[in-house]
Amino acid sequence: MTDPAQPVLRMTGVGKTFGLTRVLRDVDLTVRRGEVHGLLGQNGSGKSTLIKVLAGFHTPDEGTVELDGTPVELPLSAADRRDHRLRFVHQDLALLPSLTVLENLMADDVATGSGIRPRRKRAELARATALFERFGISLRADTLVRDISRLERAKLAIARAVSHLDAEDSGVRGLLVLDEPTAFLPHAEVAELIALMRTVAAQGAGVLFVSHDLDEVLTVTDRVSVLRDGELVGSEDTASLAREGLVRMIVGRPVSTLSAGSAPVPAVRERPRLQVTALRGRAVEHLDLSVQPGEVVGVTGVIGSGFDEVNQLLFGALQATSGSVAVDGLELEARRLSPSKAIRAGIAYLPSDRAVEGSAPALTVGENVALLSLRQGGGPFALTGRKLERHAGKLLRDLDVRPPQPALAYASLSGGNQQKAMLAKWLVTGPKVLLLSEPTQGVDVGAREQIFNLVAEAARQGCAVVCSSSDLDQLAQLCNRVLLMRRGVVSDEVHGRAVTKAGLTDMLFADADADAVTRPHRAASDA
Amino acid sequence: MAVAPTLPRPRRWTSRIEAGALPVAWLVIFVVFAVLLPDTFLSTASIANILGSQAVPLVLTLSLVLPLVCGDYDMSVASVATLTAMVIGILNVNHGWSIGAAIVAGLVVALVAGLVNGAVIVFFGVDSLIVTLGTGTVIQGLVLWISNSTTISGISSSLVDLVIGYKLLSVPAAFYYGLVLCLVLWYLLQHTALGMRMLFVGRGRDVARLSGIRVGRVRMGALVGSAGLAGVAGTLYAGTTGSADPSSGTSFLLPAFAAVFLGATTVIPGRFNAWGAFIAVYFLATGITGLQLLGAESFVQQLFYGGALVIAVSLAQLARRREARSGGTAS
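Taken in order, these protein sequences are the chains called A and B. Just so we're aligned, residue 1 is where the first sequence starts under the working numbering, counting upward by one. Just so we're aligned, residue 1001 is where the second sequence starts under the working numbering, counting upward by one.
Some hints could be false.
Stated by the list, open to error - With the C-beta cut set under 8 Å, the calculated list includes, among others, these residues of chain A facing chain B:
(1) A317
(2) P351
(3) E367
Unchecked claim - Label pairs and their in silico Cβ distance ranges:
(4) S1157/B - S98/A: 56 to 64 Å
(5) D1161/B - G385/A: 33 to 41 Å
(6) T1250/B - D398/A: 52 to 60 Å
(7) S98/A - G1216/B: 23 to 31 Å
(8) V1126/B - D215/A: 41 to 49 Å
(9) S1158/B - Q319/A: 51 to 59 Å
Said to hold, decoys possible - Residues from chain A that keep clear of chain B, each with C-beta distances beyond 12 Å, as calculated:
(10) E189
(11) E331
(12) S338
Think of the hints as simulated: they come from the structure by calculation, not from any bench. We treat Cβ as the ideally placed atom computed from N, Cα and C, and that holds for glycine.
Assemble the whole structure, with the sequences as input and the hints as a guide.
Structure representation (structure tokens):
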């Protein structure tokens, strides 16, 4: 079944359309035996759809997939993936923290195992030890996964995947797909994972490595394929590529200049509305941030950089380990922040997960919108019944939520209207600081503009706005300046007229090296 | 400002039918039994008896509403009620305390039980179903211990008078106590900010937390309130029988659950509510009384309560699935 001459994976002419959006168009991708193959592309380039096609999650509209030279039926079945030794390690690693290393290693065999026949524990242990030895992993099989480090977990997940690629001749066959496994690792530890990837490839498997990190990709891969707007820009030998060339492939030129330019930075006042000092917690290592009234500051970065946790730390939704947050000079210890304290200090927070953190979908629109302003009814009777509906109805009409009917179930609103309703809920409290996380995720174009206008209006009235997002278009339209986070710290910043999609893209793909970083957007500000 | 025509409109008429189904069913079985048994069922004494005798189940059902609205189970309410009755009995009969002091002591004991439930559930983050199943059993054991497994009778007649002695329109006072508690609970849940916060705590704990609601405090309060109401139920029980029976409580738990879930299908369908609980308790009591007067044996109680619980929970699940479907437009 396995012919060494055949590539482990050959995708030909793969296309996929969701509704009216063409996410993949005529993509050819080949991964050879023994190579580490990088897959790069911006958010929305079709990268994750391509991986999901391989995982059997999506059926492409056209195109063929060959594994080991054998055409396979689409969508890819679990049996085909097993027979052709196709294995995935996703970013979340899919390990069970409360089980031991050995049990996690055996997890995939549980489904296909021998039923009621007793397990051969000694043989399992021997297999695990041999596997760890081969890849230079020093882990005790009886340790609980929750007690091992992130790096060790990543290694374990990779070793588990590789254990299913074993071939008879003690080599390795098949394809290992690594979907951003390094995202949550500190820089120093990535090297070890890279070494592990090289070992796997050296033993005969193909490795498809998906990453946001250009430097990692340049270090580890033999060849690189780049997707842009659903099309394969090219597959090149890594050795022949310079960093700039790769960036050009990813971003493409001319870069979209969708943004009409942002509002000018308000004049710096004596005291900022929001002052964050040495904030630390979760993936955020250190953050100093000062936001003036009327200023909209964007925070972006790749997965695992901590940009998406900044707002949650500022609001007390996640526990910070140290640092302080001051609103209008009123200083709060970040470690002791809770949502209720943050709200009392005048902070509002729109979470990115509307359905779970933002709303109770089965309750009515009115109830969801009025939750923070129940006291405005006055007297012992809170805002309930008709009064609540009138109050909420007014809020909904003010923000043009359609239909403005408070008695509807919240879940029956469209994404855009749900988000407008959430804005209504928070804006009625007259916040001094507005924290937004991916504010237009799952929101249609029209509502998107309206949400931008509402945020701009809130800023005009003196709100300090912090918007964390991975959507560069959105940041370009909304923000006065944008911070880039990299491995837990702010590594770069663009402001003023450089806040365009092009400027942000340059920043995102700029070198980690601090000197080189500032160059591209300086140029943009001069323009 | 045009309303997009494709969006689902509130289903006014279907939800009205849903809200009114149980009251109508209650009326129907009442009329059926009245026609079948014009002499026994349709008598003032019989109706007064149904209304009066259900005060204890009603208050116990109401005690379940509080934690259930907040998304927590309290399986210990029946045991707490028994414990309160037993404390009142022992202090009043064996130790000669005045009945007022004994009632206060009994209610304090109930609140302490609620605090223990709340502390374990909220601070240790343990599943409420399991915790209260455990504490309920512990309390049941305590009751048997302090009472030597014997019924204590001879509780002060002033309590008995207060509960069933005084009558209005020949219905015992106990019924009106239940009615007042229903009113209080309805006001709390429907007309106060606290009631709305409880609803959000039950329906979206993350939302509640991120909206600044102190979720732990609200859950704690609901569990203490639940135990307090269970204590009231225990007091009413002591007053109804003039005695404290160590094994009486367990038989009250399932009917209370059946009623509270059945009640959540009516008045405000899909939500635990006070008047729904009221209607459900009396619907079940009417059905059982009628069947027993028709000559059914006592096992009909189990059939009726058990069946009602399963049907009510299934209806609630169906409603939720429909809600999820109609909410499918959300992206």
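Cross-check of the supplied hints:
Contact between A317/A and chain B, as hinted, is supported at the beta carbon level, the nearest pair being about 6 Å apart and thus within 8 Å. The interface hint given for P351/A is met, as the beta carbon of that residue sits about 6 Å from the closest beta carbon of chain B, less than 8 Å. Because the beta carbon of E367/A sits about 7 Å from the nearest beta carbon in chain B, less than 8 Å, this interface hint is met. S1157/B and S98/A have their C-beta atoms about 59 Å apart, which keeps the hinted 56 to 64 Å range intact.
At roughly 39 Å, the beta carbons of D1161/B and G385/A sit within the given window of 33 to 41 Å. In this structure the supplied range 52 to 60 Å holds for T1250/B paired with D398/A, their Cβ-Cβ distance being about 55 Å. Checked against the hint of 23 to 31 Å, the C-beta distance between S98/A and G1216/B comes to roughly 24 Å, which is consistent with it. Judged by the Cβ atoms, the range 41 to 49 Å given for V1126/B and D215/A holds: they are separated by roughly 46 Å.
The hinted window of 51 to 59 Å between S1158/B and Q319/A holds, with their beta carbons roughly 55 Å apart. With a minimum CB-CB distance of about 31 Å to chain B, E189/A clears the 12 Å threshold, and the non-interface call stands. With a least beta-carbon separation of about 19 Å from chain B, E331/A lies farther than 12 Å from that chain, consistent with its non-interface assignment. Against the 12 Å criterion, S338/A falls within the reach of chain B, whose nearest CB is about 8 Å from its own CB.
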